[in-house]
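Asker: Chains as they are written, first to last, in this note's numbering: chain A, 651 to 904; chain B, 7 to 335.
Hints should not be assumed to be uniformly reliable.
Here are some of the chain A residues that sit facing chain B, going by a computed Cβ distance under 10 Å [what the hints assert, rightly or not]:
#1 736
#2 739
#3 827
The hints are simulated quantities; they were obtained by calculation from the structure and are not laboratory data. Keep in mind it's a predicted model, so treat the numbers as computed, not measured. Note that CB positions come from ideal geometry on N, CA and C, so glycine has one too.
So the chains spell out like this:
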Amino acid sequence: MIALARSEFLKLRSTRTALVLFLVVLLLVIVPLALLLAFVPKEWLEQDGITSFLSTASTLVPLALLVFGILGMTGEYRHGTITYSYLVTPRRWQVMVMKLAVYAAVGMVMMLLAVGLVYATIGIGGLVRGVTIDASGGATAGDYARQIAVAGLITAFGVALGALVRLQAVTVAATLIWALIAEPLVAALKPAVGNWLPFQVFNQVTVSSVSQPGADSLATVSGLDRPQAFLVSLAYIAVVAVAAVFISLRRDVT
Amino acid sequence: MAVIEAEHLSKRFGKRVLAVDDVTFAIEPGTITGVLGPNGAGKTTTLRMILDLVRPTAGTVRILGSRYRELRAPAQRVGALLDSSGFHPGRTGRNALRVHATGAGIAGGRVDEVLELVELADAADRRVKGYSTGMKQRLALATALLGDPEVLILDEPANGLDPEGMRWLRTFLRGRAAEGRTVLVSSHVLAEVEQTVDDVLILSDGRLVAQGPISALTASAQPVVRVRSPRAQELEAALRQNGAGVNRLHDALAVRGPSAAQVGDLAHACGVPLHELLTEQPSLEDLFLQIAGTRRDDAATVTLGDAAPGPAADSSAGPAASDPPREDT
Numbered sequence: 651m652i653a654l655a656r657s658e659f660l661k662l663r664s665t666r667t668a669l670v671l672f673l674v675v676l677l678l679v680i681v682p683l684a685l686l687l688a689f690v691p692k693e694w695l696e697q698d699g700i701t702s703f704l705s706t707a708s709t710l711v712p713l714a715l716l717v718f719g720i721l722g723m724t725g726e727y728r729h730g731t732i733t734y735s736y737l738v739t740p741r742r743w744q745v746m747v748m749k750l751a752v753y754a755a756v757g758m759v760m761m762l763l764a765v766g767l768v769y770a771t772i773g774i775g776g777l778v779r780g781v782t783i784d785a786s787g788g789a790t791a792g793d794y795a796r797q798i799a800v801a802g803l804i805t806a807f808g809v810a811l812g813a814l815v816r817l818q819a820v821t822v823a824a825t826l827i828w829a830l831i832a833e834p835l836v837a838a839l840k841p842a843v844g845n846w847l848p849f850q851v852f853n854q855v856t857v858s859s860v861s862q863p864g865a866d867s868l869a870t871v872s873g874l875d876r877p878q879a880f881l882v883s884l885a886y887i888a889v890v891a892v893a894a895v896f897i898s899l900r901r902d903v904t
Numbered sequence: 007m008a009v010i011e012a013e014h015l016s017k018r019f020g021k022r023v024l025a026v027d028d029v030t031f032a033i034e035p036g037t038i039t040g041v042l043g044p045n046g047a048g049k050t051t052t053l054r055m056i057l058d059l060v061r062p063t064a065g066t067v068r069i070l071g072s073r074y075r076e077l078r079a080p081a082q083r084v085g086a087l088l089d090s091s092g093f094h095p096g097r098t099g100r101n102a103l104r105v106h107a108t109g110a111g112i113a114g115g116r117v118d119e120v121l122e123l124v125e126l127a128d129a130a131d132r133r134v135k136g137y138s139t140g141m142k143q144r145l146a147l148a149t150a151l152l153g154d155p156e157v158l159i160l161d162e163p164a165n166g167l168d169p170e171g172m173r174w175l176r177t178f179l180r181g182r183a184a185e186g187r188t189v190l191v192s193s194h195v196l197a198e199v200e201q202t203v204d205d206v207l208i209l210s211d212g213r214l215v216a217q218g219p220i221s222a223l224t225a226s227a228q229p230v231v232r233v234r235s236p237r238a239q240e241l242e243a244a245l246r247q248n249g250a251g252v253n254r255l256h257d258a259l260a261v262r263g264p265s266a267a268q269v270g271d272l273a274h275a276c277g278v279p280l281h282e283l284l285t286e287q288p289s290l291e292d293l294f295l296q297i298a299g300t301r302r303d304d305a306a307t308v309t310l311g312d313a314a315p316g317p318a319a320d321s322s323a324g325p326a327a328s329d330p331p332r333e334d335t
């Protein structure tokens, strides 16, 4: 399994996909934050402007990670590399489990990196503008830990979705439409149902941790508090991942 | 002990496509065996079932005594070339091999060795998307060789290779067999395979229609009489009237059935002059066309070698009693 993990990491290092992901994270986090720090009034910076921004960024970065996970798995089918992956490791569940684990780890590292970049940029921006800004936006260490864990889970979720559907463009388009349009619509029209849908649940663990800082015990709009939302997230990932592994075991590689 | 054993192997895709139909064979160690057949004959599906990439609908297949997925360190025992497009285009050739070597627990130094072996070392650090078809084929072969395996399974390895590459491949495969390794190679280019393999399995419409040593198969096949005449049309009509099978070549007729003497006598009786009359032992391609041509009427499998010769190309033979009617292909 160690050899398999090393092989998966090598797959990531030997193409530009991970590098592009890193640049996307930079783009989503650093560029708008730097513009915000450069041009908005000092008073606004010292109030809640940064917190609002962090809330938005913490939604966009997991979406980028979700697409990264989908590309990682569907790319194996698109380029036919899955054939050699299964020839080297014919026990397919090992291939799938290791890919889920490696992508989850990369997703967590990317989110950790995003949080670090936010802190660094705000620190530098604050110094330059001569203001004191609370970079955490009031979030606790527990909030960050959950945010990073969910980022990993979402990346693995992308891998599992990719294994189920296989078609790259279809999976990416359908997932983004579902996450950005369908679910928010359902959540707006039928909150009791919509807020239990997967990406709404993920959001309740991530966005709410920043927008409602340090409020672990507070219920969010859906009635799910953050620990509950985290558990539901885990359940979603588990169901989709098990389905992906099961289907991979039975599917013909032609 | 046979290196690869398939028993009553079948594969059905959906309800209508029967890709492989009740195929049974055994591959002996140290041989090069060609899996031959036209496109859609079931060659690739059979190879993929051996490698556990495709699940058989019925039957079993064992390689080195067990199912592929049950082998310990399979990439170091069985090397496979299945698809030269199975590489990420953004990865360099060297990294594509490193990914598989790392996963299989093969030392990194072996990557450079196989790159040298397939004469791809100079292009190793270029991205695969810049490779020609032949280069991708060599890279796929390098992947198969990474583990220095005792069994090689190659699906259409000559695709995209230039004549020099094909000659290199022939020499290479013969060298592997001389070392006691086993090679199973599929192709639809029969003339190419004829120069390389010891034994053949001929598939047609998913069924195994002939198997055995290539020399025995061609020797058992019906000889062909080649005849050239300035009045070929008249001669052809006369031959057909007498029940002979006739194929038109560009300047001659290929006649199956009567002997050269019988053809000569018939031409003499008709007053048709002959410019050439000779008996040819059919090539593998002729044999294949004979067998495939009779396949739809005659389902018997020809087995040669140790077994008694079967009715290889006898188009008059009726269907084998044990052969079930085909539902579809």
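Asker: If you take the shortest Cβ to Cβ gap from residue 739/A to chain B, is it below 10 Å?
Answerer: Given a least distance of 6 Å, the restraint on residue 739/A holds.
Asker: Holds or violated: is the Cβ of residue 827/A closer than 10 Å to a Cβ in chain B?
Answerer: 27 Å, violated
Asker: Measuring from the C-beta of residue 736/A to each C-beta in chain B, is the shortest one below 10 Å?
Answerer: With Cβ-Cβ at 6 Å, under 10 Å, it holds.
Hint compliance for this structure: hint 3 is the single one not met.
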